[in-house]
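Could you slot chains L and Z onto chain P? The hints should help.
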Amino acid sequence: MTIRQSGSQPVRIEQDVVLARQLTRKVASECGMRLVDLTKLVTAVSELARNTVVYGGGGDMDWAVIEDAGRVGLRLVFRDEGPGIADVKLALTDGWTSGGGLGLGLTGARRLVDEFELDTTPGQGTRVTITRWA
Amino acid sequence: MERIPILQMGEFLLVTIQVDMHDQLALRLQDDLTDRIDQTSARGVLIDISALDMVDSFIGRMIASISGLSRIMDAETVLVGMQPAVAITLVELGLTLPGVSTALNVDRGMNLLRQRVGRP
Amino acid sequence: MAALQNSTLEAIVSNQAQLLGEWLAALEANGATRNIREQDLRQETRDFLQLVIDGLRSECGTEIGVAGWEETRRFLEKLSASRAQVGQESHQTAYFIFALKGPLFTLLQAHYREQPALLAEQLWEVSQLLDALGLHSIRTYQKNREAVIKRQQEELLELSTPVVKLWEGVLALPLIGTLDSQRSQTVMESLLQRIVDTGSEIAIIDITGVPTVDTLVAQHLLKTVTAIRLMGADCIISGVRPQIAQTIVHLGLDLGTLTTKSNLADALKLALSRLGTSTGERV
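Chains as they are written, first to last, in my numbering: chain P, 1 to 134; chain L, 1 to 120; chain Z, 1 to 283.
Among the hints, a few may not be true.
Unchecked claim - Incomplete in silico selection of chain L near chain Z, CB under 7 Å:
(1) 82
(2) 87
(3) 91
(4) 96
(5) 102
(6) 104
(7) 106
Simulated from the structure, these hints should not be mistaken for lab results. A quick note: this is a predicted structure, and the numbers were derived from the prediction, not measured. Just so it is clear, CB atoms sit at the ideal spot from N, CA and C, and this is done for glycine as well.
Excised from the complex, chain P in its bound form:
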């Protein structure tokens, strides 16, 4: 697997969520991703970026255009040093929420992407990695 292009941007304030969406849309469409897949990815990015700002206390989004034997995809990592998620199993159940929202962020995002990984340590932070192939 090789990395064709990559970058990182802060996800600290609300406006960063919009910027994250716009960047994802631009890069994904350059990869040739179809509209429906692209829309799902951008929506997942919106959910996760918002989580990072609202629940993670702000963090960063690393992105990379990856290539694996001919197929191209976009991998994004949302990382923060916030409170982390205490009960991961619960968090990945539909309807769970820690802050009053409807809790669709994580589970919803998961359904919209091809690969989803959640790494979290209570008190230390959270790291969510998503991938969508074009």
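Showing chains L and Z alone in chain P's frame:
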């Protein structure tokens, strides 16, 4: 301060969302709409999202809220112009917006509002 | 571990014309010019040899995953893609690379005539490099072929699941055969797009031709109906036989406010009556 404009057309209010909204802007729209319904005693609200290429859970919840709040204020809300890719994504997200009326475009939306609101 | 010597690199650089000549001859003898123009093949061999030289010059070793071999990998990926497009087999794509081995070995044998140990080592290094590049091209070829087939399948799906305009404002989608998830998605997307394009308010999905309706199919139909409603249109499912209705109830599925009819004609009648009423109330 950035705001999404609200047009008054008789007893209806028309909102066309054309920008990529950050959360504050969405909340501001919700507040502005409820204020305007109150001020104008509007009977219907038409939200045109034909230019939106993404609707996430936050915006979805905002739309559902507007619909609920308007109803309490005796106004009907119709959401028009959702793009296919957006519809597919919302369904996958599990956000089905129950209780929100929809129409294909502004024309049909207006017709629907007129029928719903009727002549009292 | 042994490494490719500078002297090997120099030997290759100084004998390019000869290498290219022998390589091209081997390719032609193997039928490589059957559906590729000779001058294109000539250019490709020239380009590839130059890339190999550049890669070796960058001294990044013979491990082809590193940045120093990126240009070469890209070249091979493009090559594989173009070969896949013209329907060449994967072994022909790999042979493009392997056919270079013969001329290279001959060259090295002459160059290291007096040093058999070094010769053996260098032959091994060169062989490893070309093998790795050959494998890469095969892998890429497979992926490209799969992509071409997938695209062809999708096009076929589009053709085999036509959305029909039954009446002003009424579309029908007769589904035939089993609904696998890939097909369901393509079908759903094209139906939704047609709804927008034609401004049709009612879509009738006819499942008479679908042999089994299991949980997955039912869930998929439900998702489609929900998406259609979000867009501002509505959906009627027709062709619901009694057994299907029983299966659905038996599976404990809640189809909510889904409207169903046992045949297309009834569904059309219902659709027209809905469009005809001006109350806008959902029946």
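Here's how the hints hold up against the structure:
1. The interface hint given for residue 82 of chain L is met, as the beta carbon of that residue sits about 5 Å from the closest beta carbon of chain Z, less than 7 Å.
2. With a cut of 7 Å, the hint placing residue 87 of chain L at the interface with chain Z holds, because the nearest CB-to-CB distance is about 4 Å.
3. For residue 91 of chain L, the interface hint holds, since its Cβ comes within 7 Å of a Cβ in chain Z; the closest pair sits about 5 Å apart.
4. Among the interface hints, the one on residue 96 of chain L holds; its C-beta lies about 5 Å from the nearest C-beta in chain Z, closer than the 7 Å criterion.
5. For residue 102 of chain L, the shortest C-beta to C-beta distance to chain Z is roughly 4 Å, which falls under 7 Å, so the interface hint holds.
6. The criterion of a C-beta within 7 Å of any C-beta in chain Z is met by residue 104 of chain L, whose closest approach is roughly 4 Å, and the hint holds.
7. Because the smallest distance between the Cβ of residue 106 of chain L and any Cβ of chain Z comes to about 11 Å, over 7 Å, the interface hint for this residue is violated.
Checked against the numbered hints given earlier, this structure breaks only hint 7.
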